[in-house]
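Protein chains: 2
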Amino acid sequence: MIEDKKDKYLVTFRPSGKRGYIEAGRSVGEAALELGVDLENICGGRGVCGKCRVRIKEGLLGRHDIKTGVKGLSPLTDSERKRLTRQEKSDGYRLACQARIYDNITVFVPEESRVGKQIVRKAATERAVNLEPAVKKYYVEMKPASLEEPQADWERLQAELKKRFGLDNLIIDYTVLLNLRKAMRLNDWKVTVTLWMNREVIKIEPGFVDKGYGLAVDIGTTTMVGYLCDLSGGEVAASDSMINPQVIYGADVMSRITYIMANDSGLERAHRAVIKAINQIARRAALQAGVKREDIVDVSVVGNTCMHHIFLSIDPSGLGQSPFTPAIHHSLDIKARDLGLKISPGAYVHVLPIEAGFVGADNVGVLIAEEPHKQNDIMLIIDIGTNGELVLGNRKRLISSSCATGPAFEGAQIKYGMCAAPEAIEKVKIDPVTKEVHFKVIGGADWDVDSGAVKAKGICGSGIVDAVAEMLKAGILQRSGRFNIDLGTPRLRRTEKGPEFVIAWANETAIGQDITLCQGDIRAVQLAKGAMYAGAKLMMCRLGVARLDKVVLAGAFGSYIDKESALTLGLFPDCPLEDIYSVGNAAGDGARLALLNMDKRSEADEIAREVEYIELAVEPDFATQFSQAMYFPHKKDEFPHLSELFQAKKNSEVKGMKTC
Amino acid sequence: MIEDKKDKYLVTFRPSGKRGYIEAGRSVGEAALELGVDLENICGGRGVCGKCRVRIKEGLLGRHDIKTGVKGLSPLTDSERKRLTRQEKSDGYRLACQARIYDNITVFVPEESRVGKQIVRKAATERAVNLEPAVKKYYVEMKPASLEEPQADWERLQAELKKRFGLDNLIIDYTVLLNLRKAMRLNDWKVTVTLWMNREVIKIEPGFVDKGYGLAVDIGTTTMVGYLCDLSGGEVAASDSMINPQVIYGADVMSRITYIMANDSGLERAHRAVIKAINQIARRAALQAGVKREDIVDVSVVGNTCMHHIFLSIDPSGLGQSPFTPAIHHSLDIKARDLGLKISPGAYVHVLPIEAGFVGADNVGVLIAEEPHKQNDIMLIIDIGTNGELVLGNRKRLISSSCATGPAFEGAQIKYGMCAAPEAIEKVKIDPVTKEVHFKVIGGADWDVDSGAVKAKGICGSGIVDAVAEMLKAGILQRSGRFNIDLGTPRLRRTEKGPEFVIAWANETAIGQDITLCQGDIRAVQLAKGAMYAGAKLMMCRLGVARLDKVVLAGAFGSYIDKESALTLGLFPDCPLEDIYSVGNAAGDGARLALLNMDKRSEADEIAREVEYIELAVEPDFATQFSQAMYFPHKKDEFPHLSELFQAKKNSEVKGMKTC
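In order, the protein sequences belong to chains Y and V.
Numbering-wise, the first sequence is residues 1 to 660 according to this note's numbering.
Numbering-wise, the second sequence is residues 1 to 660 according to this note's numbering.
The hints are simulated quantities; they were obtained by calculation from the structure and are not laboratory data.
Source: prediction; values computed, not measured.
Just to be clear, a hint being listed does not mean it is correct.
Identical copies go unnamed one by one, so any copy, or any two together, can satisfy a pair.
Calculated lysine to aspartate or glutamate pairs in the EDC-like style (CA-CA distance at most 20 Å, straight line) [stated by the list, open to error]:
#, residue 1, residue 2
1, Lys162, Asp605
2, Lys276, Glu619
3, Lys374, Glu149
4, Lys182, Asp315
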C-alpha cells in the first residue's frame, strides 16, 4: 500500500475498509474499480444510470457545499445535479463515476449501490440472496461509424463493451443482429445491451434502459403461477396464476400420461395448452406491472417431471412405466422462441433440473429455496400437492422420495371437500366440553365476529386438518380414526353409511345442507397422512436419524395449514412446534431465485445430482410402517411435543366411551 | 521405452514409427490410442463401422491364415469376417478394435484409416487439407435403463460418449431432445450421435449411420451454387446451381440495395427468395446423391457483403452509402431453422466472415482456398464477377480492394455478349495473315472439327478476351483500342456507329445475323480491364512491390479464360505465363473447405481481420493509373513475357496501316 504519493490521495471505502492511493483527478468509480470495491456501474461511468450513489463521510473533509459538492472532490456535474435530490446533495451524496478525487477521502458505499444487493426472503431459515441475475443490462456509447473507422456495427459494439466492462468473447443472438443497425443509429450511437450469462447479446435497445424483467414460472399439475421480477431490483413487480389448462386431459399426472400415450397428437395439444397459458400469464403480469411482454428477457421454469416434459414437448411415456426414466435430468437453456413463448425474441428459458422420475424441478426449486444442503440441522421438507414429495437430510446427505398422498389435502375425495377458494372453511375450532364448532371461511370475517356474512360452501385442506385435529382433542375421534359416539351432541350422528360429525349446520352454509365429515373422509385423511408419515419414517431409518430438527411444509396447502393441527394428526414425526415452518410455494420461490442469481442455477444442478432418490414402495418395511402411521398421530411413536392432545385422549379413554 | 516387458509386446506402427510395449490381450486400437497413433474410431471400438482397417506387415510374423488371421493376434471375430473382403483377409488386414495383441507386431495404418484424411485440391498451389469437419458422427451402445440404473436418457448418452470418446460438457439441441427417447429405444439402445464442434448434439439416429452431409453454398449476385459434401470422406457427392432469384430486384448489388431501401418489405422478399433457392438447391443436390435433405447436418455460406446481409435478413442499406458499414465482420453460427432452411432441424449454418463493405465472405472463401497468407511469393488474386475483388500480398501483409469492373467479362454491356451458356463463343483464334477467324462454341465440337453442328448465339467473357487478344496480335486493333482499318478483309467493316469486326458470319450463327465486336464493345473491355489493372498497380505501390510472382484468376469467368489472352489484354500487370492460374470458383472452394475442416473457419476469421482494405477511388493517383491502364496491355508498363504480341504489333506499325 505504500507507494509514491506524489499527486495521489488516500481513498478509503466503507464499509469494506478497502483503501489505497489513487491518482489525482481519477473518479471515485475508477478508484472503486482499482481497489476491488463492489459498486454498481450499469452505464459504464457515463453518469446516466445514477446507480453509483456514494456518500462522502462527514467530518473528515469539512462542510458540504450543496452547489460544489464535497471539498476534496471535483464540483457537482450536470448529471449529478439532475440525478441527486436536494437532500442527497446536502447529505454529501455523489455519483462515483462523476466525482473526481483531489484530496484524501472516505467513501461510504450504501447497500443499494453495491453490486449484488441482498434480497431477503422469508423462509425456514431467514436468509438473503445476492442479486446476480443471468441476464444483465449494459449501457454503451459509441463513436459513429466513419470512413476512417468503418468497422462493422457488431465489432464496434463489442469493442466498446470490452473497453467499458471488460466483456470479451461475446456472441450475438441472430434476431438481435437483425435490429443492430437500426438500434445503434436511433439514439445517436447510444444503446443498452442485454447480456445472457455475460456471453450472448440477447437484446439491444436504443438509449439508456435500466429495467429488465424476468418471469419465474411454476407449472403445477393443477395451478400455474408466474412471478414477474424486476431483474435490477429483485422485487416481484406482478404475479399471475391460472388453472393449468391441461386439467381437461386428466386431473393428475398419471391420467395425463395415459391420455398422451393413447392420443397421437395428445402431447402436442397438452404442450400447446401450457405454452399458451404461460403466454397469457406473461401478458397479464406485464400489463399489471405496466411493461411490455417484450421487456421480459429471462424466464425460469419449475414443475414436476411430467409437467417439465410436457412443457418441453417431450414424450412423458417413460415416466408412466418402469423404470420411470425421464428424458433429461440436467437443467436446460432453450431459446424462448423455440418454445413459442412470446417474450423478448432473443431471450432464453432456463428449465431447472429434475431429480428422478417422480421428483421434479419443482422439488429442486424447493431445495434451492430452503437449502437443507447448507445446514447441520436434520430437515424434513414436505411438498404437499396431488403427490407428496419428501426430502430429508442436511449438508452431509440428502435423500428424496415421493408418496401417493392422494388429493385429500386438496379437498378432493372428501365429501364436502373443496379447494382453498372463497367460501371454503379454512379453520376450525371445537370446544372440548360442549363439542360446539367455530369455523372461519375464506373471504369471511375473523373468529368471533359474526360469521354469517359469508356462508360456507365446503371445507378445504387446512380446514380438514384443523377439524380432524380438533375432533381428536375433543375426544370425538379415537386415535384409530373411529368415532366415539354417544357424546350427547346432535353434531355427532349415525347415518346409513356410518357416523358423521357436523362442522356447519345447513343455515350456516351456502349449499342448503349440513357440511359434515364422515368416516370415509377420516379414512382418506388417514391414508394420505399415513403415506407421508411412513415415507418420512422410512427415510429417517435409511438416513439413520431418530428425530427431526426442522420440518418444512411447502406447497400452497402448506402455507395455510395450522402447524399444531398438522402435528396432532401426525402428518410427520414429532418435532418442536417452533421448528415447523410453513413456507408456501417454495418451488415458485426456487424459480424466482434461479432468476435473480445465476449461482442458484448451478447449485440446483449440483443438488439435483446429489440428492439420492429412494423408491418407498419397494422397502420391505413399508406395509408395517404404513399401517402404524394410519393412527393419529401414530400407533407407537412418541410425540413429546403434543402433551395437550395426549391429555385429551387420556380423558376420553378414562371416560370409557363406546366406540362405533 | 524400456519398461517391464512381462506380458507386454512391442507394437510398432507404420508409417508414423510410433511404438511401445502394450499389455497382452489389449486391442490394436487401444494400442494406437495409448501410443498416440491417428486411427479412425467412429464406433468407439464396437467393430461396427469397419473404419479402423489396419494391415499387419508381412514377413515379420510368418504366414497369414485366412481363417484365424495373423499369427500373434487373436483370431478373426465375426465382425471382421463380415466387414473384411476375402482379399483383405489374405493380405493381412484386421480391424484394429477387434484384433488383440499376443506377440510383437508391426501395424501399417493405411491412409484411409487415419483420422483427418487429406483431401487434395487443385489450386494455385497444390495442397491438401485435413478432413476435420465441424460436424462429426459417433456411434454409441448403451445399457438399457432399469430400476437399478434409472438414469435419464440424456445423462445415459452423455456418460457413454464420455467413456467411449472422452467427450465432455456436451449440450443438446432442443429439437434433438424431443426425439431422444424414441431414438434410443428404436434400435436396442444403439444410436449414432451427430456432434457440432464436439460440443452440441445436433442429431440422433437409431443404429449405426456413418454418412453425414454438408452443403457449401456460394451466393453470387447472379449465380448460386451448392456443393453437397460427404463429411466422412470429403468428396462432393452432388452439386447444383441456379440463377439467384433476386435478379428480379436488380442485376447488381447497388440496384438491389436501392430496391430494398425503397420498398418496405423489400428486404423480406429478397431474403425469402434466397432462402427458398437454397432449399431448392439442397433438395435437388440431395436427390442427385440419393440422400434425404434431413441428412444435411452442416452448411457453410459465402457471398459478397450484400448477398451475405440479405441471406441473413439484415438491412444492407449501410453498404450503399458512406461510410459503407456492414452489420458484422465476424463469422456466424446460426441454427438453420432460424433461417428457415429445411435441413436437419438441429443443424447450424456457418456464415464466413467478411472483410469490409465491399469485400465479402466470398473473398474470404477465396483466401482460405488459395492461402496467400501462407506463402512467400507475392500473389495477386483477382476474383472476377460483376464486381472485381483484388487481394495482393503474401505471408507478411495482405491488402484487398474492389473495383467496379462492370459486367463486360460476364458478357453484359457487349452488343452480342452473353453468359457462358451453351451456344456461346468461348474461344477465338485469328490468323495473323488472312485475318480469318476460328471459334469454339460451348456445347459444340472441338477446334478444326466441323463446327457447324452447334451454331453460335453470342459471345461470352472468355470468348471476348480471346477475340480482343487475337485482334491485337493480328494487328486488327491498336494498343489504344482503336481499329486498324483497310486490312483487306471483309470481316473488318465500317458502320454508322463506327468500325466493327465480324467474329461469326450469319450462316454460322443461330440468330440469323453476324456476331461482331464493335468499338463500343472494345471500350467496355478497356474500362473493365483498366479498372482491374489500375487497382492492382495501386495496390502494388501501396505494398511496395515492383513485380508479381503469381496471379490467380478466380470466379466462374476465371476458370475458362485463356491465360495468354488475359495477359495480352493486360488484365493485370506482367507475370510469367506459367505462374498464372485459373482456379475457378475459389469462393465456393473456400466454403467447402470451411465445411471439411473447422480450423479453416478460425483461419477465415483471422485472415478477414488481418487483410487491410484499401479504398481505391480515393487514391490521388487513381485517374492517371486508370487512363494508362486502358491501353492494351498498358501505355507504359513493360510486359517482358509478351514477346509475341509485341512482335505482331511491331509488324503492323511497320506496315503503317491507317487508323480510323
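Checked hints:
In this homomeric assembly, Lys162 and Asp605 come within 20 Å of each other (Cα to Cα) only across copies, at 19 Å, whereas the closest approach inside a single copy is 30 Å. For a Cα distance limit of 20 Å, the shortest separation of Lys276 from Glu619 qualifies neither inside one copy, at 41 Å, nor across copies, at 60 Å. Taking CA atoms no more than 20 Å apart as the test, Lys374 paired with Glu149 passes in neither setting, with 53 Å inside one copy and 28 Å between copies. Proximity of Lys182 and Asp315 under a CA criterion of 20 Å is satisfied inter-copy only: 9 Å between copies versus 42 Å inside one chain copy.
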